[in-house]
Amino acid sequence: MNPETISQPPKAAPRKINSWAALAAFLVLFGFLTVIYWALTSSHKGPLAVGEPAPDFTLTTFDGKIYNTADWRGKVVVVNFWASWCPTCKDEAVDLENAWKHYREGGEVLFLGVDYVDTEPEALAYLEKYGITYPNGQDARTSISRKYRMRAVPETYIIDRQGRLAYIKIGPFLSLEEILAAIDEALAR
Amino acid sequence: MKTWFFLIPLLLLLLFPSAVWAETVEPTVVPSDDEVNAIAKNLFCPVCENTPLDVCPTQACAQWRELIRLKLAEGWTEEQIKEYFVAQYGDRVLAEPPRSGLNWLFYLLVPVFFLIGIVIVGRVLRSMRRPAGNAPGMAVPAGESDPYLAKMEEELRKRLKE
Numbered sequence: 003m004n005p006e007t008i009s010q011p012p013k014a015a016p017r018k019i020n021s022w023a024a025l026a027a028f029l030v031l032f033g034f035l036t037v038i039y040w041a042l043t044s045s046h047k048g049p050l051a052v053g054e055p056a057p058d059f060t061l062t063t064f065d066g067k068i069y070n071t072a073d074w075r076g077k078v079v080v081v082n083f084w085a086s087w088c089p090t091c092k093d094e095a096v097d098l099e100n101a102w103k104h105y106r107e108g109g110e111v112l113f114l115g116v117d118y119v120d121t122e123p124e125a126l127a128y129l130e131k132y133g134i135t136y137p138n139g140q141d142a143r144t145s146i147s148r149k150y151r152m153r154a155v156p157e158t159y160i161i162d163r164q165g166r167l168a169y170i171k172i173g174p175f176l177s178l179e180e181i182l183a184a185i186d187e188a189l190a191r
Numbered sequence: 015m016k017t018w019f020f021l022i023p024l025l026l027l028l029l030f031p032s033a034v035w036a037e038t039v040e041p042t043v044v045p046s047d048d049e050v051n052a053i054a055k056n057l058f059c060p061v062c063e064n065t066p067l068d069v070c071p072t073q074a075c076a077q078w079r080e081l082i083r084l085k086l087a088e089g090w091t092e093e094q095i096k097e098y099f100v101a102q103y104g105d106r107v108l109a110e111p112p113r114s115g116l117n118w119l120f121y122l123l124v125p126v127f128f129l130i131g132i133v134i135v136g137r138v139l140r141s142m143r144r145p146a147g148n149a150p151g152m153a154v155p156a157g158e159s160d161p162y163l164a165k166m167e168e169e170l171r172k173r174l175k176e
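In order, the protein sequence lines correspond to chains A and B. So for the first sequence, the working numbering puts the first residue at 3; every next one is plus one. So for the second sequence, the working numbering puts the first residue at 15; every next one is plus one.
Chain A with its partners taken away, still in its complex shape:
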């Protein structure tokens, strides 16, 4: 066959791209990527640091009382995250209760126990076993622990009178003196 005689099929006319459809697709993709970016950055934020404003939260205690940390400006608030299944929480439970008893009369310090991912019957049994009397409630929908970017229990955050984080303890307190020293420092600010 003579190559000169072969004829190529006529080139198809380039399709017109619907610019509106392209723009819409781009916007959808951009929105989707933004959501993923936002989710990733918010989940990979580092831990809170001393001096930062403490996130405010509302805790409903096991006996139905409501505490909002924003209402406690001018006082020192000790926020302790714990769980009945956490072995190291038990190490500091009695010391925390003794520290609460130490400051309770003065009225300048509030203790709040935030029960993380726990079942209510086990939590109540734990509070009874260690004789804990300061306000305790469940971390509903884990919203408080997420605000504090908590990684594991126990963790304790001491909020000063201005609503800033004065002290952060990751892991259990080793003695009553350690707790008292941390709270006294926050009171002195």
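These are computed hints drawn from the structure, not numbers from a lab. Everything numeric in this text was worked out from a predicted model, so none of it was measured. For every residue, glycine included, the Cβ atom is placed at its ideal position computed from N, Cα and C. Since no wrong hints were added, every one of them can be taken at face value.
Derived CB-CB ranges, DEER-like:
#, chain 1, residue 1, chain 2, residue 2, range
1, A, T90, B, Y121, 37 to 43 Å
2, A, L126, B, A109, 24 to 30 Å
3, A, K131, B, S114, 38 to 44 Å
4, A, G53, B, S114, 34 to 40 Å
If you want the footprint, here are the derived chain A segments under chain B, 3+ residues with CB under 8 Å:
#, stretch
5, 114 to 128
6, 141 to 147
With the hints as your guide, set chain B onto chain A.
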């Protein structure tokens, strides 16, 4: 009058013995591990990420399973138990996110992007197969190609003749 007052419960007991018995001695059926695990396998404890509750070995998960058993014994349905866990611990305890709010993005956009991807791949594959004449290594008939190439070939032919 007082004697009659004390006789009323006794009379009730005599008249409706089965009803009184049912009220006082309710048989307690303890749900089996299989019944508990049927619900637990669709739940995830936030402490042990990516481990379904039915196989999670931690104490926290064991407590959750006992709570499921307790709720089942109280007559709760699977849906009620799941709703309870979501209310207590948040959406992340579920094996798949609930179909509400922004979660719809994942249910809708992922298949849409998947379909778009299939269409793009299909079109690329078709375009690779179609222009067989332009494939590399194939002879292109003179005159049908680029005029510049045609001129070059003509020039080459001339030089070869010389």
